[in-house]
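Line order of the protein sequences matches chains S and P.
For what it's worth, the working numbering labels the leading residue of the first sequence as 1, then goes sequentially.
For what it's worth, the working numbering labels the leading residue of the second sequence as 1, then goes sequentially.
Don't read these hints as lab results, they were simulated from the structure.
Note that the coordinates shown come from a computational prediction; the quantities given were computed from them, not determined experimentally.
Heads up, some of the hints might be wrong.
Derived DSS-like pairs: lysine-lysine, alpha-carbon spacing no greater than 25 Å straight-line [what the hints assert, rightly or not]:
(1) K59/S with K262/S
(2) K301/S with K153/S
(3) K393/P with K207/S
(4) K393/P with K262/S
Some residues of chain S that are not near chain P, with every Cβ distance over 12 Å (derived) [claimed, not checked]:
(5) M21
(6) E58
(7) E102
(8) A133
(9) P136
(10) F137
(11) R142
(12) R208
(13) A217
(14) E264
(15) I280
(16) A310
Think of the CB as a built atom: it goes at the ideal place given N, C-alpha and C, for glycine as much as any other residue.
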Amino acid sequence: MTLLTAPRPDTLRTEELLVNMGPQHPSTHGVLRLVVRTDGEIVREAWPQIGFLHRCFEKVAESVTYAQVTPYCDRMDYLASMNNGLAWCLAVERLGGIEVPERAAYLRVMMAELNRIASHLLAFGTYALDLGAFTPFLYGFRERELILSIFEKISGGRLLYHYPRLGGVARDLTPELAGEIRAFIAQMRRAWPEYNELLSENQIFIKRTANVGVIPAAMAVAYGLTGPCLRGSGVKFDLRRAKPYSLYERFDFDIPVGEGIKGEVGDCWDRYWVRMREIIESLRIIEQALDGLPEGEIQTKVSRTLKLPAGEVYVPCENPRGESGYYLISDGKTSPLRVKARGPSFNNLSITHALVRDVLIADVVAIVGSIDIVLGEVDR
Amino acid sequence: MESTAADIFLQRVLGAIWPGAQTMPAWLGYSVLLLLGAALIIGWMSLLALAWTYGERRIAGLIQVRLGPNRVGPQGILQPLADGIKLLVKEDVVPAVAYRFIYTLAPLIVFVGALLPFIVLPFSERLVISNIELGLYFVLAFEAIEVIGVLMAGWAPGSKWSLYGGMRLAAQMLSYEIPMGLCALVIIILTGSVNLGEIVAWQSRDAWFMEHPWIFGWAIFRSPAALLAFVMFYVGGLAATKRAPFDLPEAESELVAGYHTEYSGMRFAFFFMAEYASMYVICALATILFLGGWHAPIPRPELAADASLMEIWSRLAAAHGAAGTGVAGKFGAFGGSLIALLTDPGALKILLHQTFGVVNLLLKTFLLYFVMIWVRWTLPRLRIDQVMYLCLKVFLPFSVACVVWALIQVVMLG
Chain S
1 MTLLTAPRPD TLRTEELLVN MGPQHPSTHG VLRLVVRTDG EIVREAWPQI
51 GFLHRCFEKV AESVTYAQVT PYCDRMDYLA SMNNGLAWCL AVERLGGIEV
101 PERAAYLRVM MAELNRIASH LLAFGTYALD LGAFTPFLYG FRERELILSI
151 FEKISGGRLL YHYPRLGGVA RDLTPELAGE IRAFIAQMRR AWPEYNELLS
201 ENQIFIKRTA NVGVIPAAMA VAYGLTGPCL RGSGVKFDLR RAKPYSLYER
251 FDFDIPVGEG IKGEVGDCWD RYWVRMREII ESLRIIEQAL DGLPEGEIQT
301 KVSRTLKLPA GEVYVPCENP RGESGYYLIS DGKTSPLRVK ARGPSFNNLS
351 ITHALVRDVL IADVVAIVGS IDIVLGEVDR
Chain P
1 MESTAADIFL QRVLGAIWPG AQTMPAWLGY SVLLLLGAAL IIGWMSLLAL
51 AWTYGERRIA GLIQVRLGPN RVGPQGILQP LADGIKLLVK EDVVPAVAYR
101 FIYTLAPLIV FVGALLPFIV LPFSERLVIS NIELGLYFVL AFEAIEVIGV
151 LMAGWAPGSK WSLYGGMRLA AQMLSYEIPM GLCALVIIIL TGSVNLGEIV
201 AWQSRDAWFM EHPWIFGWAI FRSPAALLAF VMFYVGGLAA TKRAPFDLPE
251 AESELVAGYH TEYSGMRFAF FFMAEYASMY VICALATILF LGGWHAPIPR
301 PELAADASLM EIWSRLAAAH GAAGTGVAGK FGAFGGSLIA LLTDPGALKI
351 LLHQTFGVVN LLLKTFLLYF VMIWVRWTLP RLRIDQVMYL CLKVFLPFSV
401 ACVVWALIQV VMLG
């Protein structure tokens, strides 16, 4: 027996291969670098390496005024600029005790939810792209384009909006634009079943995502996952409901959670499906906001050189990717003493190493894609 | 000395243009014919690749609610040419760590592997470069040669992503080749021949108690085994041409570009053209084996039954040595057709008849081609273990069952 099993010097030798996946790789969603230890097709271990997109956001924030930080926040999670700006404004407003007009709060909700849909559409598209289907990506972009044109009309920008301002919003909603948003809602409701036919119910897609990258609820909580990644594991936690901000308590919406329809609870398909259902819930919120939009001012007077009272504040917001917030310390000057940004992508990404164990290379792409990270926020 | 098509070609056709050709030594004449045949294949293959890159992009545009290329030339039809020029003038980059010899050889082997099946692929009864007896074997064998080239391309550049691409193709090939071969075996058993012309001829012979069965003579309608085999052969063909959902060896989102990651310019173009060419080969082969080849679903004009035309044909064929042996015999049928067209007015009708067959074949082939494109732009990619599962655990038992069924059908039912 030993003759058969003992290694001989002339036999073929196998060894593990250390591969760099990224930062220049088609499916690492920006400049994520995964160091992957592979044994053939099987990935034994993967270490995410981050920092390629570090722009010193937190340090910069210490040397500019509070109002000047707002556009910087847009560049955190650049696929959800509205939500980022909102999180910053809310933190400053809470510390400074600035009242926001109701109309402005409604507009913020509307735009935040539109941005959530745009972000989820991109997640839908790029996830399909990761799994080798090109067409859903362009379908997602078709509807996303409508949102972007709405954003362009209300803020002037198509990616970085700088729309929520301290104490209000930049521009008011015109009746034409309200009509456009309603048209978008109708179009999105028409397109949604199309997406599901194309991708969600596709057998290959299900085979690729169901039972892959399963995150049990306890593990999701332990790693500090938030957003669709947490809800995909069946934890019904949404900051819009748990700690309402910007009048979210007035809106009626469901919180979709992973139910393990196609596989185990917390697999890639569940996370994907939570995002898809959130699109529909966001549409409901936008509709309610449009119906109940109060008249009035959209901006309270805020001094250019705003000085916040000394103190600390943290307002968590539900971004498309999870809990986003700015921990802000003020010493009473015109710029913050210290800012700490909590980006959901950063925490969500941290589970990669635990999740990518003894899976196939194709699964790595499926898992990282299902976490849906934005490197602008991870590296800040 | 026996008068062969080559001789006649040299004397009549070339001789008419340049009298010196009449006294040309035989070896030179054959070489000229050889080059002509090669040019014809390469020309046809390039044309296919060019036309279908454009076609694919327009169809993809249609599927993806966008336009596709529409700027270069009317409706963008010159886009492939522009791309071709771009690829030609690109800098030729060879990685420093590459095994240069293998690196250079790999795209050529892939290209040649995709090219050679065109020699035996018939377009109609008479339009075939070389109607060799083992036509089916020849095609399948050279489709497999392509894989060697890809494996070399995976190894040579010294890139890990390329290596993964090559490894995946090796695993994939072992999976799809076996059921595909068995599916072809079903047809071999039913027809009792591996000659592609004979296989098509069988599909027009009496079936279902009809003398002219037309569409019902096609293999897929003659036997349920063939129908099932056709589906598996086609899906296996998707894997063989590395098309989605089996594009794992070049999976962009996983392996950057797989085995051709480190190839650029014309070397990349060779891989690219080979893919489109082998797509055509697979589709044409599926048409020939299962879909009645050049026989139309509706009856062809009764030219074939026209005795006088057949007489003209056989006379011409005999005169021009279409059935001749030797080197020229390889080109006999084709050379004969060409000469017949150029020298005999009656041959024009035959040409029309043949053309109708060619159109039939191409229509069916391009329909299958279109489905390949449609599938590519619709479905996500499979995982390597799923490919192997599908091929080895689903297709393999079913294709064996098909072979058994075909055997029973042939032995029991005659």
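Hint check results:
no. : hint               : in the structure
1   : K59/S with K262/S  : 45 Å, violated
2   : K301/S with K153/S : 24 Å, holds
3   : K393/P with K207/S : 16 Å, holds
4   : K393/P with K262/S : 23 Å, holds
5   : M21                : 9 Å, violated
6   : E58                : 32 Å, holds
7   : E102               : 39 Å, holds
8   : A133               : 4 Å, violated
9   : P136               : 9 Å, violated
10  : F137               : 8 Å, violated
11  : R142               : 6 Å, violated
12  : R208               : 6 Å, violated
13  : A217               : 26 Å, holds
14  : E264               : 17 Å, holds
15  : I280               : 22 Å, holds
16  : A310               : 50 Å, holds
Violated hints, in rising order: 1, 5, 8, 9, 10, 11, 12; the structure is consistent with all others.
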